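Could you build the full structure based on these sequences and the hints that come with them?
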Amino acid sequence: MNWGSAAEFFAMGGYAPYVWGSYCVVALCMIIEPVAVRARRRAAAARLKALEGAARRTASEAAA
Amino acid sequence: MINWFRFSSPQTFYPLAGRMVPWFAGAAAILALAGLYLAFFVAPTDAQQGESYRIIFVHVPASWMSMFIYLVMAGWAAIGLVFNTRLSYMMAAALAPTGALFAFLSLWTGALWGKPTWGTYWVWDARLTSELVLLFLYIGVMALHAAIDDTRRADKACAVLALVGAVNIPIIYFSVQWWNTLHQGASVSVTRAPSMAAVMFAGMIVMVFAFWAYSIAVALARARAIILERERHSGWAHELAAA
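Those sequence lines, one after another, are chains Y and W.
Numbered by the numbering used here, the letters in the first sequence go through residues 3 to 66 in order.
Numbered by the numbering used here, the letters in the second sequence go through residues 4 to 246 in order.
In case anyone wonders, no lab produced these hints; they're calculated from the structure.
Note that this is a predicted model, so its numbers are computed, not measured.
Virtual Cβ for every residue (Gly too), placed ideally from N, Cα, C.
Certain hints may be false.
[Said to hold, decoys possible] Which stretches of chain Y does chain W cover? Using the computed rule of at least three CB atoms under 8 angstroms from a CB of chain W, they are: (1) 9-23; (2) 35-41; (3) 49-62.
What follows is the structure, given as structure tokens:
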């Protein structure tokens, strides 16, 4: 174990801004990216459903 | 024998990718937790750099993945140009944003590591400059694709750009040997034992595998989104979206 206390852990031997500045940005990016990708796929799926709905309406209007 | 071309159809690939994503995402999470434990609680303080060296556990994986993803992207681009398979271009397009993200993270963590160890966030040294060029290449590929309306023409133009840009990868890799760089030489190589403590090396490798699994999961998930966007005129895409 490297750390005597939680404060020591967060201080990172005086390098806290550099170490946590690196890890926080990496973590943030690797959380945001999958969320954005999921939103992109859901948007594409929703658009397909809307297209299909529009196509159905046109078909039923043509039949009537 | 497996008929690989069967999987080159977006229709068969879409559900297959959907089944693979959770496994790679889960592997990435478990490996990242193990890697972070090694990085912060097992690996000792560095004798010269103190705690600042702990940036290595994200800096090296991000840098390696930024280069490796580029090679995979260029590989898919080449397959697309040779066989004219739509899915290859989709995979190339799915990899570019993740590669750009890792190139950015490589530069960001490198800057934050450079300040305490070199006394500067940035120098125009060969390693740093060629990595910056890599970031611009990724952005260039994405911008070029967005600028051309005809998707098939955009795919081909981007494939050529990706292939030409691949020359930058060996330049990044060997920059620390070819030029006198402020950036240190390779600590890890295939031909000799790593010049770092075994436990530090273990933590780094576990993080590399975590980043690797993450990249596969995100690229497959993005490929699925791209399939739905591009195949919107086909009947099976509508069925998939409804499911």
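Hints, verified against the model:
{"no.": "1", "hint": "9-23", "verdict": "holds (count 9)"}
{"no.": "2", "hint": "35-41", "verdict": "holds (count 4)"}
{"no.": "3", "hint": "49-62", "verdict": "holds (count 5)"}
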